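**Q** Listed here are the chains, written in short residue letters.
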Amino acid sequence: MKKKLSPAFRDKLVTSGIVVVFFALCLILTAAGATSNQFRGLIVPIAIYIILAVSLNLTVGVLGELSLGHAGFMCVGAYVGSIVSLLLGDVIENGYLRFPIALLCGGVIAGVFGFLIGIPVLRLRGDYLAIVTLAFGEVIKTIVRNLYIATDAAGLHINFTAIADMDLDPDTQKIIVNGAMGISGSPRDSKMWIAALLVLLTVVVVMNLVDSRAGRAFMSVRDNVIAAESVGVPVVRYKLLAFSVSAFFAGIAGVLYSHNLSSISPSTFDYNLSIMILVYVVLGGIGSIRGSIIAAALLYALPELLRALNTYRMVIYAVILITMMILNNNEKFKGKLSRFSPKTLLDRMKRKGGDRI
Amino acid sequence: MNVLELKNLGIQFGGLHAVEDLNVTIREGELYGLIGPNGAGKTTVFNLITGVYKPTVGSIFLCGKDITGKPTAEINRAGIARTFQNIRLFSEMTVRDNVKVGLMNEYPYSVFSAILRLPSYRKAEKAMNEKADKLLSIFDLGDSADLLAANLSYGKQRKLEIARALATEPKLLLLDEPAAGMNPQETEELMSTIRFVRDEFKVTILLIEHDMRLVSGICEELTVLNFGRELAQGPTAEVLRDPRVVTAYLGE
Chain Y
17 MKKKLSPAFR DKLVTSGIVV VFFALCLILT AAGATSNQFR GLIVPIAIYI
67 ILAVSLNLTV GVLGELSLGH AGFMCVGAYV GSIVSLLLGD VIENGYLRFP
117 IALLCGGVIA GVFGFLIGIP VLRLRGDYLA IVTLAFGEVI KTIVRNLYIA
167 TDAAGLHINF TAIADMDLDP DTQKIIVNGA MGISGSPRDS KMWIAALLVL
217 LTVVVVMNLV DSRAGRAFMS VRDNVIAAES VGVPVVRYKL LAFSVSAFFA
267 GIAGVLYSHN LSSISPSTFD YNLSIMILVY VVLGGIGSIR GSIIAAALLY
317 ALPELLRALN TYRMVIYAVI LITMMILNNN EKFKGKLSRF SPKTLLDRMK
367 RKGGDRI
Chain H
127 MNVLELKNLG IQFGGLHAVE DLNVTIREGE LYGLIGPNGA GKTTVFNLIT
177 GVYKPTVGSI FLCGKDITGK PTAEINRAGI ARTFQNIRLF SEMTVRDNVK
227 VGLMNEYPYS VFSAILRLPS YRKAEKAMNE KADKLLSIFD LGDSADLLAA
277 NLSYGKQRKL EIARALATEP KLLLLDEPAA GMNPQETEEL MSTIRFVRDE
327 FKVTILLIEH DMRLVSGICE ELTVLNFGRE LAQGPTAEVL RDPRVVTAYL
377 GE
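Taken in order, these protein sequences are the chains called Y and H. Sequential numbering of the first sequence, starting at 17, is according to this note's numbering. Sequential numbering of the second sequence, starting at 127, is according to this note's numbering.
Derived by calculation from the structure, the hints in this document are not laboratory data. Fair warning: there could be bad hints in the mix.
In silico lysine-lysine, BS3-like type, Cα no more than 27 angstroms apart, as pairs [as the list claims (entries may be wrong)]:
hint : chain 1 : residue 1 : chain 2 : residue 2
1    : H       : 180       : H       : 257
2    : H       : 196       : Y       : 28
3    : H       : 252       : Y       : 28
4    : H       : 196       : H       : 328
5    : H       : 249       : Y       : 28
Some chain Y residues judged to face chain H by a derived CB distance under 7 angstroms, without partners named [unchecked claim]:
hint : residue
6    : 177
7    : 178
8    : 179
9    : 182
10   : 232
11   : 236
12   : 239
13   : 245
14   : 246
15   : 247
16   : 329
Restraint-style ranges between C-beta atoms, simulated for each label pair [unchecked claim]:
hint : chain 1 : residue 1 : chain 2 : residue 2 : range
17   : Y       : 128       : H       : 189       : 53 to 59 angstroms
18   : Y       : 348       : H       : 244       : 28 to 34 angstroms
19   : H       : 189       : Y       : 34        : 48 to 54 angstroms
20   : Y       : 140       : H       : 233       : 28 to 34 angstroms
21   : Y       : 288       : H       : 233       : 27 to 33 angstroms
Keep in mind it's a predicted model, so treat the numbers as computed, not measured. C-beta atoms are modelled at their ideal positions from N, C-alpha and C, and glycine is treated no differently.
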């Protein structure tokens, strides 16, 4: 008989399988020309929101700290990624070479921001992280709204007042960041398959991290900080690790986002976006990576697909959200649902097979 | 050798002297009891030893090394593990993972080897699983290894707490009311478990307990606390005969 897979490994296999199958289908259908324009436009955003939800789940579900500023880290990633791409645009023509650099820069800088915010805040117990990340999201938004970056023959110009104050050389000037207008002209490097690959990367990294020494430390902090300390878990260090990794992937999602649209504006990365990601995490099941993936994909696509119903769109969306919330907490419904889970069906089939013999 | 020395230890919460001028010396391999009426400051002493509270005066030595005021996690790595009066397990984790949290400092590997599943990860995890399962089977928890800790019965949760504490390979084990909520037969079992743990894991044990049968049955030395101060100290049988101790427990 084949060696039995451990439950944790089988779980991970199923989750990454779902991601692979979903995006493979999308790519194949698109290649075959069987998808509508609207559907094609949804694939990269779905990937972005899956990455955001999975990474936020690491902080909220696994570490047990509430973060309300995920859009802020996404914003950092989006801006850094676009700035890098625009600056490198003349040097590296090849998008496949340039984009990984932008991704890495956006992710790392967002991660560094997470780390720096975490240092003072994660030492405290209680909901301080929620308050500070909430403020961080707003601060970042305000900073980038007033940020102007441009280049000309004299080099790089950065200020917080206006492009006009820079005395740019009109022949060679190139505006990169234009305050409240945001960034326009980022190369459209976010190809569907790259986005799919990044989702898979995020999911595998987060799952591997959770199923390790570090992941157990995160969960022990979530379940009981005092007990975690009493068995020698360096609590602050692991909180910082989880939060930085979470911010890193939010940054990656930001880079994907800014390279999927021809222009981005600071107002996108507001409080509502952070809350929306949190809604995906909560409705998908706190701590469940697979739940985050499914919830993010469904709940992002839903309002878009309901667009045909225009006026009633948000009403129906709200009803679906509330229904999900109620059913999520209903043991009876869960019991009924689990009767149809692949595991139970398989067990039942096995038992039937056994009866026959 | 003295495993634990408390010298002139005290802590004040506002105007309240929760613990005052406490001197205790525990020798290696000893089974030491800390008893006293409710509110005497016993758990506060545990919290002082494990760094949950910082003492206002006095010092704590572990095997001759000063650990006063160190952070809890560092004190654990120095060699003190504990259980809690109100059980504190990682309830949403499996029983095995609870123990594996305790083992994490003994089998280190980097975050990158975890993400990339390098051989160092596999090796450490395998060793950890073996060690965890061995510990669990010692405490009759082998069959429950894959259950969530929250789903264990009360008695098994107490055992799991001890197993998790022992996973950190402590020199000194602090047990906070291990027999709370147990019937006489379970207490009997617990007594032999505690003795077994001391001999098998070569660990010194300091325990808080109200159950006098357990205290007189296994403790070799006692300190009695009353209103945060030492009331009596010495060999168990002597201390329990002390009229002051009897008065503190039963009243005049």
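**Q** Run every hint past the structure and note whether it holds.
**A** Cross-check of the supplied hints:
1. H:180 <-> H:257: Violated. Residue 180 of chain H to residue 257 of chain H sits at ~33 angstroms, over the 27 angstroms cutoff.
2. H:196 <-> Y:28: The given pair, whose Cα atoms are some 39 angstroms apart, is violated under the 27 angstroms limit.
3. H:252 <-> Y:28: It holds: about 18 angstroms lies between the C-alpha atoms, which stays within 27 angstroms.
4. H:196 <-> H:328: 24 angstroms, holds
5. H:249 <-> Y:28: 20 angstroms, holds
6. 177: 42 angstroms, violated
7. 178: This interface hint is violated because 44 angstroms lies over the 7 angstroms limit.
8. 179: 42 angstroms, violated
9. 182: 42 angstroms, violated
10. 232: At about 5 angstroms, which falls below the 7 angstroms cut-off, the nearest Cβ of chain H leaves the hint on residue 232 of chain Y intact, so it holds.
11. 236: Cβ of residue 236 of chain Y sits 5 angstroms from chain H, so the hint holds.
12. 239: 4 angstroms, holds
13. 245: With Cβ-Cβ at 4 angstroms, under 7 angstroms, it holds.
14. 246: 5 angstroms, holds
15. 247: 4 angstroms, holds
16. 329: Hint violated; residue 329 of chain Y Cβ to chain H Cβ min 37 angstroms, cut 7 angstroms.
17. Y:128 <-> H:189: 53 to 59 angstroms: Cβ of residue 128 of chain Y to Cβ of residue 189 of chain H: about 41 angstroms, so the range 53 to 59 angstroms is violated.
18. Y:348 <-> H:244: 28 to 34 angstroms: Violated, at about 45 angstroms.
19. H:189 <-> Y:34: 48 to 54 angstroms: 53 angstroms, holds
20. Y:140 <-> H:233: 28 to 34 angstroms: Holds: the Cβ-Cβ distance is about 30 angstroms, inside 28 to 34 angstroms.
21. Y:288 <-> H:233: 27 to 33 angstroms: With Cβ atoms ~44 angstroms apart, the hint is violated.
The structure does not agree with the numbered hints 1, 2, 6, 7, 8, 9, 16, 17, 18, 21 stated previously, though it agrees with the rest.
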